[in-house]
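A.B. asks: Chains as they are written, first to last, in the numbering used here: chain P, 74 to 525; chain B, 3 to 354.
One or more of the hints may lead you astray.
[Stated by the list, open to error] Mimicking DMTMM-like on lysine to aspartate or glutamate, the simulated pairs with C-alpha atoms at most 25 Å apart in a straight line are:
| # | chain 1 | residue 1 | chain 2 | residue 2 |
| --- | --- | --- | --- | --- |
| 1 | B | K52 | P | D275 |
| 2 | B | K159 | B | D142 |
| 3 | B | K257 | P | D275 |
| 4 | P | K311 | B | D78 |
| 5 | P | K254 | B | E281 |
It should be emphasised that the hints constitute simulated quantities derived from the structure, not laboratory data.
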Amino acid sequence: MESNEQPTARSQRIRRVMQTHIARRLARALEKWEGKNDALARQEVAKAHEKYQLAQILAKGVKANAMTVATHTAKGIHPDLRIKDVTNLAIRFEELKTLNEVGSHLLNSRESLADTTGDGAYNAAAYELYLLLDCRIDGSTLGELLQADDPDAIDTLSTYSANPAAIASDLLRLLESKCTKPATHAREKQVYWLTGNDPSNDGQYHILVPLYPASLVHQAYLQIHPTRYGEDNHAARKARRDGKAHQGVYQEYRGWAVQKLGGTKPQNISHLNSERRGENYLLASLPPHAWQSSQRYLPVNAKSVFDRSFGARPAVRTTVKAFLAFLLTNPEPNRHTRQAVDDFLDSLVDEVVIYAGELQSQPAGWSLEERYADLALPEKLWLDPERAEWPDEAAFAQDWSRMDWPEQVGKRFANWLNAQLQGKLPVGDAEARDWRRVLLANESWLFAGAAA
Amino acid sequence: MSANRPTQPQALLVFPHLRVQNANAISSPLTHGFPSITAFTGLMWALERKLAQAGTPLHLLKVGVVCHAHDEQVVDGYVKTFRLTRNPVDQHGNTAAIVEEGRIHLDITLVFAVAQASAAVPLAQAADDREQDLARRIADVLATLRIAGGTVLPSRKVPGRRTRPWLALLPEDAEAQAVAFKQWRRQWLPGYVLVGRDDLLATRLAHLRQTQPEATLLDAWLHAARFNHTPMPVAEGAAAPGDGKVRWVDPLRGKGTGWTVPIPVGYAALRDKPYSPGEVAHARDSTTPVTFVESVYSLGEWISPHRLQSVHALLWHADTDSTRGLYRCRSGYVPPAGVDASALDDEEPDFD
Numbered sequence: 074m075e076s077n078e079q080p081t082a083r084s085q086r087i088r089r090v091m092q093t094h095i096a097r098r099l100a101r102a103l104e105k106w107e108g109k110n111d112a113l114a115r116q117e118v119a120k121a122h123e124k125y126q127l128a129q130i131l132a133k134g135v136k137a138n139a140m141t142v143a144t145h146t147a148k149g150i151h152p153d154l155r156i157k158d159v160t161n162l163a164i165r166f167e168e169l170k171t172l173n174e175v176g177s178h179l180l181n182s183r184e185s186l187a188d189t190t191g192d193g194a195y196n197a198a199a200y201e202l203y204l205l206l207d208c209r210i211d212g213s214t215l216g217e218l219l220q221a222d223d224p225d226a227i228d229t230l231s232t233y234s235a236n237p238a239a240i241a242s243d244l245l246r247l248l249e250s251k252c253t254k255p256a257t258h259a260r261e262k263q264v265y266w267l268t269g270n271d272p273s274n275d276g277q278y279h280i281l282v283p284l285y286p287a288s289l290v291h292q293a294y295l296q297i298h299p300t301r302y303g304e305d306n307h308a309a310r311k312a313r314r315d316g317k318a319h320q321g322v323y324q325e326y327r328g329w330a331v332q333k334l335g336g337t338k339p340q341n342i343s344h345l346n347s348e349r350r351g352e353n354y355l356l357a358s359l360p361p362h363a364w365q366s367s368q369r370y371l372p373v374n375a376k377s378v379f380d381r382s383f384g385a386r387p388a389v390r391t392t393v394k395a396f397l398a399f400l401l402t403n404p405e406p407n408r409h410t411r412q413a414v415d416d417f418l419d420s421l422v423d424e425v426v427i428y429a430g431e432l433q434s435q436p437a438g439w440s441l442e443e444r445y446a447d448l449a450l451p452e453k454l455w456l457d458p459e460r461a462e463w464p465d466e467a468a469f470a471q472d473w474s475r476m477d478w479p480e481q482v483g484k485r486f487a488n489w490l491n492a493q494l495q496g497k498l499p500v501g502d503a504e505a506r507d508w509r510r511v512l513l514a515n516e517s518w519l520f521a522g523a524a525a
Numbered sequence: 003m004s005a006n007r008p009t010q011p012q013a014l015l016v017f018p019h020l021r022v023q024n025a026n027a028i029s030s031p032l033t034h035g036f037p038s039i040t041a042f043t044g045l046m047w048a049l050e051r052k053l054a055q056a057g058t059p060l061h062l063l064k065v066g067v068v069c070h071a072h073d074e075q076v077v078d079g080y081v082k083t084f085r086l087t088r089n090p091v092d093q094h095g096n097t098a099a100i101v102e103e104g105r106i107h108l109d110i111t112l113v114f115a116v117a118q119a120s121a122a123v124p125l126a127q128a129a130d131d132r133e134q135d136l137a138r139r140i141a142d143v144l145a146t147l148r149i150a151g152g153t154v155l156p157s158r159k160v161p162g163r164r165t166r167p168w169l170a171l172l173p174e175d176a177e178a179q180a181v182a183f184k185q186w187r188r189q190w191l192p193g194y195v196l197v198g199r200d201d202l203l204a205t206r207l208a209h210l211r212q213t214q215p216e217a218t219l220l221d222a223w224l225h226a227a228r229f230n231h232t233p234m235p236v237a238e239g240a241a242a243p244g245d246g247k248v249r250w251v252d253p254l255r256g257k258g259t260g261w262t263v264p265i266p267v268g269y270a271a272l273r274d275k276p277y278s279p280g281e282v283a284h285a286r287d288s289t290t291p292v293t294f295v296e297s298v299y300s301l302g303e304w305i306s307p308h309r310l311q312s313v314h315a316l317l318w319h320a321d322t323d324s325t326r327g328l329y330r331c332r333s334g335y336v337p338p339a340g341v342d343a344s345a346l347d348d349e350e351p352d353f354d
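Hey, can you work out the whole structure from these sequences and the hints?
C.D. replies: This is the structure we're talking about:
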């Protein structure tokens, strides 16, 4: 700032900053109507010109000053929480500790990223006033200057009010917290977190009250949303589908969901929420479906899963290949070799168990289907165990409880493996397993009488 | 008492195939699907308190979760939406405000690392007990608790599925422990274990900054949370594919990169110090300090138990860093030094 600048000159400069800001807001609002000249476009353009006037923003802003500015809101957690009853926070992001985790500490306070929340009807007006008060003049915001009774800043309001100081203090009410004492609510999430190491000691807990990170969510939204509706991503998506060359990347969030906040009245939550039409993107943390078996590996028209389907599985193929390569080096029959053989065997048995789990998760009785008629009984007993619970499957149940099948399945596995390994497997290694323990995951069923 | 609380786990307590109905599927303001891992550390504390009250004191130190099956209550589409329940009207007959709740049904195995809390409940003896009486009694207590807001359905004895809870001593000798772990982990197949992958978030940021020096951790997190399909030029000297089509791949999600997901890992305080007990109105009690927080995020990986070498890899513990106001869960998983892609499946499971 030039020290000899006249107050009026500085006041002019502050005015210019405010006007530039409003011009920028107007330009942004007009952007989406560019090139359109239908009735709706003309109407919206006229509306925008009317809205983005300093006098309008101030007049509406004064009415909206019962709202509050926040980076962390309570209404995002529950729409019934009123701003005068519970704490909403307007954080300066720089004051948060820098962390290795993703959080609001990554944001920049200079970018006017806060939200306005409160009575839904006044959200947009409050938001425009917030943006205006957040304009920067020589490193301070307009709001800060007004708060410090800066005469030049107050002077900028003289055009709009005979008593600019009074209107300044009116406008500033937007920045105040409307809940004077820190407060939470039964409808807010409150988590007990053990800070010590004794869960039974009530004195070692903190209550954590998670607020809705309105600013962070909006920044994430601005990156995620264009992947859904943006033209660039659509073009890239199409190019990928058609196997065409393309400048650019197709971004895809798999399994993502949208959470509606505020129902049909997103403005009841906050202004940024209504800019998002209440649609908030949630990214998927889900694991793969472990039990879903791929159709490719069903033992259709086969006598045994070991005929083809099991060995066709990529993980099995890879391991068998490595196992055979190892055995073909004619390793010394020492402890190291034994361990290696054991590890290979273990991996394959794990694969047997995974494969069985997939088949076992099919609807009980699947082995009754015509296309599995050839499947050997021990394998049916192993892979369709719940069929034993069916009322007219008493014979099946009896065969199951006789418990001959684990040995038989083990033998089948061993035969298959020996064939894969061209007879190189040390004799008896696979047969010697306790197949009953390996395949019979369920000892509780066996011991049902004793342990129930 | 807490001063001489053991920090080393002595035994493993396992609840196989718990069926949880209507667990909370909205795990944070930015993630959905599997409940937050903080729900499981919270469950662990609640369970230890209940056990102490029930006269079965036991220290629960860490928790791990294997997911065998999940059924999120969503409507599929390009973007999923949540299937909502109709809620009763309020006392004046008005419809209550809609708060969208995500729900998921789960089939999970819970693994707790435990230590002996009292000579009256001797672990060695409990582990030896063929009837697994202690584990069964604890399972009864567990069934009364909510798991991530969901209810535990009584487990049905099903042929071919292990559902009986058990407790086993953790061998002190590393080799013996590895041998025991090989048997245990097989029981958790098929399934996926959630492990923490903070390392991948840092790597992704470093990768992005090579071309975008301004990239933030949020950019890196989102970048890693999505697929970035990129058209691949045909390598020099290689034959062009016969169909004339360009192959698109995500160069950072190739073979053996694992099933990486964005996850919430805990909470960060929004002010320097917690409020003193009683200072915050309407807190759940007036004797505990209160802090306003936000969720913080990192990356996790779902990994098949048979890929893990040590039981510690699947266990999480809670960690409070009061100087930074960070309340988060930390995973015991140590990423392998050099990933040997040949040792992994050469086929990733299909999404959905």
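A.B. asks: For a quick check of understanding: which of the numbered hints are violated here, in increasing order?
C.D. replies: Result: hint 3 breaks, nothing else.
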